[in-house]
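Residue numbers (this note's numbering), protein chains in the order written: chain V, 1 to 299; chain D, 1 to 608.
Be aware that one or more of the hints could be misleading.
Result set (DSS-like, lysine-lysine): computed pairs, CA atoms no more than 27 Å apart in a straight line [what the hints assert, rightly or not]:
1) K526(D) / K552(D)
2) K526(D) / K33(V)
3) K33(V) / K125(D)
Restraint-style ranges between C-beta atoms, simulated for each label pair [unchecked claim]:
4) V184(V) / Q424(D): 15 to 21 Å
5) G145(V) / A451(D): 43 to 49 Å
6) N49(D) / L144(V): 53 to 59 Å
7) V142(V) / P164(D): 49 to 55 Å
8) N49(D) / F4(V): 53 to 59 Å
9) I106(D) / L144(V): 58 to 64 Å
Far from chain D by the CB rule (all over 12 Å, computed), these chain V residues [as the list claims (entries may be wrong)]:
10) M1
11) A68
12) G117
13) Q118
14) P123
15) V154
16) T173
17) I280
18) T288
By construction, these hints were calculated from the structure, which means they are not laboratory data.
For clarity, every value in this text was computed on a predicted model and none was experimentally measured.
Where a beta carbon is used, it is the ideal one built from N, C-alpha and C, also for glycine.
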Amino acid sequence: MAEFFQHIINGISVGAIYALIALGYTMVYGVLKLINFAHGDVFMIGAMVGWYVARWTGESRDPSIPGALLVTLASMLACAILGFVIERAAYRPLRNSPRLNSLITAIGVSFFLEYGGQYVFGPNPRVFTVLPRHPGLHVGPVSLGYVDVVTVVVSVVLMFLLQRIVFHTRMGTAMRAVSYNSTVASLMGVNIDLVISFTFVLGSVLAAVAGILYASKYPSVQPLMGLMPGLKAFVAAVLGGIGNVPGAMLGGLVLGLAEQIVSGYLSSSWRDAVAFGILILVLLVRPTGLLGRGEAEKV
Amino acid sequence: MAGLFGGSALTQARRALLSWLPFVAAIPVLWLVQHFWAEQPDWEYAFQNINHIGIAIILAVSLNLVNGLTGQFSIGHAGFMAVGGYVSAVLLLRGPAQDPYRLFFIASIAAGAGAAALAGWLVGKPSLRLRGDYLAIVTLGFGEIIRVIIENTPLFGRAIGLSPIPRYADFTWIWTAAIATILITKRLRDSTHGRAFLSVREDEVAAEAMGVDTTGYKVRAFVISAGMAGVAGALSGSFEGNLSPQSFTFVRSFEVVAMVVLGGMGSITGSTIAAAVLTLLPEYLRALANLRMVIYSIALVVLMLVRPRGLLGTREIWDLLPWRRGKGGPPPAKTPELSEALIDVRHATIRFGGLTAVCDFSLTVKPRELVALIGPNGAGKTTVFNLLTGVYPPTEGSILVRGRDTRGLAPHDIAHLGLARTFQNSRLFRELTAFDNVRLGCHHLTRESMAASVRKGELAEVEEKWITQRSEELLAVMGLLHRRDDLAKNLPYGEQRRLEIARALATDPKALLLDEPAAGTNQKEKSELMQLIRDIRDRFGVAVVLIEHDMKLVMGVSERILVLDHGVTIAQGLPREIQTNPRVIEAYLGEKYAREHAGQIAAGRVHQ
Chain V
1 MAEFFQHIIN
11 GISVGAIYAL
21 IALGYTMVYG
31 VLKLINFAHG
41 DVFMIGAMVG
51 WYVARWTGES
61 RDPSIPGALL
71 VTLASMLACA
81 ILGFVIERAA
91 YRPLRNSPRL
101 NSLITAIGVS
111 FFLEYGGQYV
121 FGPNPRVFTV
131 LPRHPGLHVG
141 PVSLGYVDVV
151 TVVVSVVLMF
161 LLQRIVFHTR
171 MGTAMRAVSY
181 NSTVASLMGV
191 NIDLVISFTF
201 VLGSVLAAVA
211 GILYASKYPS
221 VQPLMGLMPG
231 LKAFVAAVLG
241 GIGNVPGAML
251 GGLVLGLAEQ
261 IVSGYLSSSW
271 RDAVAFGILI
281 LVLLVRPTGL
291 LGRGEAEKV
Chain D
1 MAGLFGGSAL
11 TQARRALLSW
21 LPFVAAIPVL
31 WLVQHFWAEQ
41 PDWEYAFQNI
51 NHIGIAIILA
61 VSLNLVNGLT
71 GQFSIGHAGF
81 MAVGGYVSAV
91 LLLRGPAQDP
101 YRLFFIASIA
111 AGAGAAALAG
121 WLVGKPSLRL
131 RGDYLAIVTL
141 GFGEIIRVII
151 ENTPLFGRAI
161 GLSPIPRYAD
171 FTWIWTAAIA
181 TILITKRLRD
191 STHGRAFLSV
201 REDEVAAEAM
211 GVDTTGYKVR
221 AFVISAGMAG
231 VAGALSGSFE
241 GNLSPQSFTF
251 VRSFEVVAMV
261 VLGGMGSITG
271 STIAAAVLTL
281 LPEYLRALAN
291 LRMVIYSIAL
301 VVLMLVRPRG
311 LLGTREIWDL
321 LPWRRGKGGP
331 PPAKTPELSE
341 ALIDVRHATI
351 RFGGLTAVCD
361 FSLTVKPREL
371 VALIGPNGAG
381 KTTVFNLLTG
391 VYPPTEGSIL
401 VRGRDTRGLA
411 PHDIAHLGLA
421 RTFQNSRLFR
431 ELTAFDNVRL
441 GCHHLTRESM
451 AASVRKGELA
461 EVEEKWITQR
471 SEELLAVMGL
481 LHRRDDLAKN
491 LPYGEQRRLE
501 IARALATDPK
511 ALLLDEPAAG
521 TNQKEKSELM
531 QLIRDIRDRF
541 GVAVVLIEHD
551 MKLVMGVSER
561 ILVLDHGVTI
571 AQGLPREIQT
581 NPRVIEAYLG
591 EKYAREHAGQ
601 IAAGRVHQ
């Protein structure tokens, strides 16, 4: 039983990170109907910037809580700029062209970040330490890792904030309007360009935090680290219903739990296959996802 | 030509020879090249590159079938290559030590291709039902999962890989396969199946309405493409002598995608040339090898911004050559007219969420009848067409087309039953020529198999001639023959609308559904259209159901009129009766107007 609880805790912690990334996918899909392939790599850049800043400030030699906050803020800022630039330079000129073209562009941007990162950073993983060492909590035989606790707390706070932004601010209302029908929203005076830029920035900021948390959990950084978590977060977004903000959170948690339980009770080498299996299952059984609504093409 | 479908032994033999000619001619040449150059030590490095190019060509041309011609987006080609490579390698490693006639080798390639095609089916079937971007993610995931599976399976040598694989694949083998891939893809593209692939890329809804099973064609393209990638994997393994999971990463898939996109989506020569260039480039620019992926990705983004269809687009290098024109081949005998109702809608209702778009709608259309469906904007007219053609299933009630209940049928099945339609905002295959648009309409009348198209079988050829003749006739009837080879998007508006009617007629319908054919046309065109609709009925023996706002046209052409308002049928009858029906006038012009102009209404002079 203790083992089971341990898996649940690990699952929630991983799932929270997936959920943070999935939010970026789902928000961008909501406003642009575009799968932002490069999102997983923004997450990677977040971790990488964190690594550089931590080395520069001496945080990686002597970790402290304020230092960790500084590193995270710097990485959030960097990713916000990156997300803004990607949308502006690569996606905006193609907004009215066929979806296939934006998809190819997105893949191009993704590979540019991965292999550009590899060129600058080198292909080998490097150790990532930002949070101070701490033995973590022990509840009976179940241990709560320090990083896990921080991850869950930070994610819950961020998701709560995001919920406020999306459902209780003017910008959030504009986002939802654009996602519902961008033409009509623009006729109502919503500045679509601004809303889309904001959505990218918001998603990228969340990805940056997820990057720092993920890199702290498996304390390493490397240029291709965004690939798998990015893919899984996308599956989480589809599972929850793509375009649906609460859905992305739910999808992330479900995926994280499923993965931990499979790797705990079956074999850890099949962990990466779980996401793919879930994706196929969702596409077969309920393509609109757990919380999504169907949308028929207008003829 | 002797006999249409039988053919004498002589023509049979000639046909077979022509079909295999490229191989009959090429294999001895390849073998001689192999013998005199490839086996010389001085040439070893050059031929290593040439063989890598051959394998890259197989990969790029086969991926082009999915990404270029069918307009889907797969980025996991290396995964299928891995499946083919490993299956073939495992067989070769356990096979007989000596294989002098290479029979076992051929069998192992076939097994690899089959396994890859099966994997393609498993991946494609669930994800291709949905549109667009899902396939990209699923194939991406698939590529990774295949690697995970290989790295965890002792049979596949885990992370270390398999070696030594018997090195049977040489220049002759690889280039025979490359030529075969190019030829199969080209012949498929030039056949009616190729037009079906293109129609999926251009407009899935319109393709369904023309009777193309879009999901079926997507899956077929995907399975064929995966199988070819499997061949490439089998050859690659047997050429290198070893296989390791590291050679099937994303990078490999992405290189192939780059080849297809750079060469031109849909251009076979483009893919071939790009495969050669992108294979040689890193070899001769060693300094750039590390930056290769960075350069590819920048090139891809820039190309999308500047030239979205790739360098060659859908054209081929030799595309300036004139098309061959064919004649002959009789059209099949028309099926006898049915006396029963063609279309029988019984109490159909459809709700979207809380909105009842069409309520308790009933309609029968007899053969050769001209029926008009009118009503104010938002009355649910187009929804009725969407119900009839199976775009939406009715929430309640039933729809019978030629006596068959259409519930559960896909739009392309209903097109097969004999319903053809045009769209309110015309949905032509914009990047195809007028001729190809009409030829595509003939697609569902063809019986040739894909294999026959590739072999250039006799039935395929006869059908192709028949399609050409029929399509040219239809273009002539619509006065569009001079536009035969123009792209649909370049036609003036009025001609686009007529082309859409020609395309719908090409499906050999029993009933033609026209959704506002006169919208945006001028008075002269409208009176021509009126005559055209009557001509179509007389010449092709079809019933016509017309949605139209232009009352002059409606009154002039229709034998019966049905009026919808807010999804409810408010009147039905002869044109004369409808013109003076107070409920209709009220729906159109408002209650007040109807009261004030009662006199004119009675005289039938309202609304032109």
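Tested hints:
Only pairs whose Cα atoms come within 27 Å are accepted, and K526(D) paired with K552(D) is accepted, the gap being roughly 9 Å. Taking the CA atoms of K526(D) and K33(V), the gap is about 39 Å. The hint is violated against a cut of 27 Å. Straight-line distance between C-alpha atoms of K33(V) and K125(D) comes to about 23 Å, which keeps the hinted pair within the 27 Å bound. Against the hinted window of 15 to 21 Å, the Cβ-Cβ separation of V184(V) and Q424(D) comes to about 20 Å, which satisfies the hint.
Our hint of 43 to 49 Å for G145(V) and A451(D) is violated, since their Cβ atoms are close to 59 Å apart. Look at N49(D) against L144(V): about 57 Å separates their beta carbons, and that is inside 53 to 59 Å. Separated by about 50 Å at the C-beta atoms, V142(V) and P164(D) satisfy the suggested range of 49 to 55 Å. Distance hint for N49(D) and F4(V): a CB-CB separation of about 56 Å, consistent with the stated range 53 to 59 Å.
Checking the proposed 58 to 64 Å range against I106(D) and L144(V) shows it holds: the Cβ atoms sit about 60 Å from each other. Consistency note on M1(V): stated as away from chain D, and its beta-carbon is indeed over 12 Å from all of that chain's, at 29 Å minimum. The non-interface label for A68(V) is consistent with chain D: the shortest C-beta to C-beta separation is roughly 32 Å, beyond 12 Å. Its beta-carbon lying about 10 Å from the closest one in chain D, G117(V) breaks the requirement of being farther than 12 Å from that chain.
With a least beta-carbon separation of about 8 Å from chain D, Q118(V) fails to lie farther than 12 Å from that chain, contradicting its non-interface assignment. Not every CB of chain D is more than 12 Å from the CB of P123(V) (nearest about 10 Å), against its label as outside the interface. No beta-carbon of chain D is positioned within 12 Å of the beta-carbon of V154(V); the least distance is around 27 Å. The non-interface label for T173(V) is consistent with chain D: the shortest C-beta to C-beta separation is roughly 22 Å, beyond 12 Å.
With a cut of 12 Å on Cβ distances, I280(V) falls inside the contact zone with chain D, its closest approach being about 6 Å. Listed as a non-interface residue, T288(V) fails to keep its Cβ farther than 12 Å from every Cβ of chain D; the least gap is roughly 10 Å.
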